[in-house]
Amino acid sequence: MADITSTSAVRDRRETWLEQVPPAYWVLGIILLVIPAFVSPFFMFQIMGWTFILGIISLSLMFLGGYGGMVSLAQMAFAGFAGYMVAIFGDSAITNISQGWPWWLVIPLALLITVIFATAVGWLAVRTEGIYTIMITLAIAAAFFYFTRQNYEIFNGFQGFNSVLPPMLFGVDWRGPYAFYYLTLFWAVAGYAAVLYISRAPFGLALQGVRDNPRRMAALGYNVTAHRVAAYAFAGFLAGIGGILLTWQSSQISPGTVGIAPAIDILVIAVIGGLRHPIGPFIGALIYVILKTFAVDILIALGLAGERFQLVIGIGFLAIVFFSPDGILGLWEKFRASRNRDPLTGQERGDNPL
Amino acid sequence: MRRFANAHPVWTAIIAFVLAILLWMIFAIWPPGLKDAIGSKKIFLSALFNGVTLGGLYFLVASGFTLIFGLMRNVNLAHGTLYLLGGYIGFHAADITGYWLLAFPVSFILVGICGVLLQVLVFRRMEGEDLRQTLVTIGISIVVADLMLWGFGGDFVNISPPSWLSGPIETFFITAQRSNGDLVFMKYPMVRIVIFIAAVVLGIAMWLALNRTRIGMMIRAGVDDRDMLSATGARIQIVFVGVFAFGAGLAGIAGVVGGTFQSVAPGEDIRFLLASLVVVIVGGMGSIPGAALGALLIGLAEQFGSVYFPTYAVVLTFLIMVVVLAFRPQGLMGQG
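Residue numbers (the working numbering), protein chains in the order written: chain W, 1 to 354; chain E, 355 to 690.
Read the hints as simulated data drawn from the structure, not as lab findings. Please note that a few of the clues may not be correct.
Listed next, with one range per pair, are the computed distances between beta-carbon atoms [said to hold, decoys possible]:
1) W/Glu333 x E/Leu562: 49 to 55 angstroms
2) W/Leu196 x E/Gly621: 47 to 53 angstroms
3) W/Gln46 x E/Gly621: 25 to 31 angstroms
4) E/Gly621 x W/Glu333: 37 to 43 angstroms
5) W/Phe43 x E/Leu556: 55 to 61 angstroms
6) E/His362 x W/Tyr222: 32 to 38 angstroms
7) W/Ile94 x E/Asp581: 54 to 60 angstroms
8) E/Asp581 x W/Phe43: 51 to 57 angstroms
9) W/Ser40 x E/Pro620: 31 to 37 angstroms
Partial list, computed: chain W residues near chain E (C-beta under 8 angstroms) [said to hold, decoys possible]:
10) Leu112
11) Ile113
12) Ala143
13) Val321
In silico negatives: residues of chain E with every beta carbon more than 10 angstroms from chain W [stated by the list, open to error]:
14) Phe358
15) Pro363
16) Pro459
17) Val577
18) Asp578
19) Val595
20) Thr665
21) Met675
Using N, Cα and C, we set each Cβ at its ideal position, and we do this for glycine too.
Whole structure, please, built from the sequences with the hints as guidance.
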């Protein structure tokens, strides 16, 4: 979504890259950096940390779905796979399986194996299109879930691994609320920037071309399959980062983390936020986390049964996808378009009020 | 079949060889060496029977799914929800009236009505929008699953078949030979055999209806080219609603069958949605014979897997899907 007019020849001197950052980013960045001074540790660790993590995993889905046109339900499986790899090669309470290797070996290795796994799944999934992709990735996610639940030699079956902790790097406890908040914030911003950068780089533009018209791209000499598989590999990398952070946050990984409901939740988050822009997944994740955390309290406050919170989330999701296929971002764009329209004539206004 | 044999002589030979071995294993009295290697024949036969009857159940669920997808390109991820709803409706119908057989028509009609509502209220508004259909039906299945948990509770319920169907019957398959020369015949639950035969009859009836009747002709024409069919004056929306109602009703019947075979409980909706997804991916989208073949393969794989390699039974199912996708992305019986 590069804005062509802003790079026109009107600008007479080269701006430094700092000046090119839109003001909205400055405001958001400063708010996010100083938030820890005002809120409770619970809010930072549970709400914001979880939001960033789910946002990163959904971002990988947004990248595949929004730029590649491939909606994959296997993203949570990739994330969980990375978490499992960290637990297996690193430290956990299950000492007879965990290898206890140092973190600088474990984390790159986990991400590498996750990327290989994602590439293999991608190679399989890109043989199909559209709705078939959704079904096949859903089936793969389910197979991974059942496999982890039944395999005791490597994945430790139903219990999974607990006490999977981040390394004590620089003498900081990375599971402390402040440290964890900044850790997840860093990776969320890095992932966001990476997706935004790739979407404007040649690879991302070619990927969007493949999404819009694969036959024409193939005729132009692009290798359509390779672009799609590469998109899966990158999305697997992103999801892997999110998965490792998720494992550290809850300090455990088990089949319940990679089940079918969490896999669908990732799709729900990405769609609620909107698949058009990388900020969407983070908006969706914030809404989802707040709903998930407080829906029970709200329901009880309204005098209803607290265990019906799944119903509230489901109805909210249903309403959003039914009325706006582009999620919150789509609603925002509609709102802006209607602001830009003269209420009497229904014509577009000549001057932009925003 | 002859065309297939001419086109793929090697594959035909392999399939014939496997079938011959299978037939020998079913009917022969096993030599002791084989018994030592893979266990008794009784285990093998019961896995085979369980697999085939489970395949019948999967066929009931998946045929509705594949019919709806093949004709309307509607992606109905709430199909498992329809199955579970049918199970609960059947359980309560049988519980209140006391007639097991009554559960089937009640479930068929009520779940069919739900299907009509889905088609009219949801799918007609978003024709051709795959992703939106997927998301909306996922949303519906989340909401309805929670409503069912609320209304019917979270317990396992079991639909018990009537007395004339319960209990085992003796089949003519030999499981072993006693030392005094007597043959031991296999016993198998009557209700499973009856339901499997019913599923086969239903499958053949569907195939005949699709290939020999006027409505079937319209449906097949709709699968091939929807716009052309409506241009010739067929009232395609009515056909759509009818097919959706029938497919949903089949899922409802399958719910009753599943409740009799196994049990009805929250979570079964996702299990059967996945099973029908895998079945139609393996068999080929939109093909009734493909659904039958896929259901048989997956049912057998699940049962044999859980008997002979219990840890990796699910992975076996998945492996079949991967192999089919790798070599025939359109499914075993799919076109294109």
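Here is what the structure says about each hint:
Range check, W/Glu333 to E/Leu562: about 52 angstroms between beta-carbon atoms, so the 49 to 55 angstroms window is met. Remark: the range hint 47 to 53 angstroms for W/Leu196 to E/Gly621 is contradicted by a beta-carbon distance near 39 angstroms. Distance hint check for W/Gln46 and E/Gly621: the Cβ-Cβ separation is about 27 angstroms, which falls inside the suggested range of 25 to 31 angstroms. Checked against the hint of 37 to 43 angstroms, the C-beta distance between E/Gly621 and W/Glu333 comes to roughly 38 angstroms, which is consistent with it.
Checked against the hint of 55 to 61 angstroms, the C-beta distance between W/Phe43 and E/Leu556 comes to roughly 57 angstroms, which is consistent with it. A hinted range of 32 to 38 angstroms holds for the C-beta pair E/His362 and W/Tyr222, which are about 34 angstroms apart. At about 59 angstroms, the beta-carbon gap between W/Ile94 and E/Asp581 stays in the expected band of 54 to 60 angstroms. In this structure the supplied range 51 to 57 angstroms holds for E/Asp581 paired with W/Phe43, their Cβ-Cβ distance being about 55 angstroms.
Taking the beta carbon of each, W/Ser40 and E/Pro620 are about 35 angstroms apart, inside 31 to 37 angstroms as hinted. At its closest, the beta carbon of W/Leu112 sits 22 angstroms from a beta carbon of chain E; the interface hint therefore is violated under the 8 angstroms criterion. Checking W/Ile113 against chain E: minimum C-beta separation of about 18 angstroms lies over 8 angstroms; hint violated. Because the beta carbon of W/Ala143 sits about 4 angstroms from the nearest beta carbon in chain E, less than 8 angstroms, this interface hint is met.
With 8 angstroms as the threshold, the beta carbon of W/Val321 comes within range of chain E, its nearest partner Cβ sitting at about 4 angstroms, so the hint holds. Look at E/Phe358: its CB is around 23 angstroms from the nearest CB on chain W, clear of 10 angstroms, so calling it non-interface holds up. Every Cβ of chain W is farther than 10 angstroms from the Cβ of E/Pro363; the closest lies at roughly 27 angstroms, confirming the non-interface assignment. Taking the minimum C-beta to C-beta distance to chain W, about 30 angstroms, the non-interface status of E/Pro459 holds against the 10 angstroms cut.
Annotated as non-interface, E/Val577 keeps its C-beta farther than 10 angstroms from every C-beta of chain W; the closest such distance is 16 angstroms. Annotated as non-interface, E/Asp578 keeps its C-beta farther than 10 angstroms from every C-beta of chain W; the closest such distance is 19 angstroms. Look at E/Val595: its CB is around 20 angstroms from the nearest CB on chain W, clear of 10 angstroms, so calling it non-interface holds up. Taking the minimum C-beta to C-beta distance to chain W, about 5 angstroms, the non-interface status of E/Thr665 is violated against the 10 angstroms cut.
Look at E/Met675: its CB is around 6 angstroms from the nearest CB on chain W, not clear of 10 angstroms, so calling it non-interface is violated.
Consistency note: the structure conflicts with the earlier hints numbered 2, 10, 11, 20, 21.
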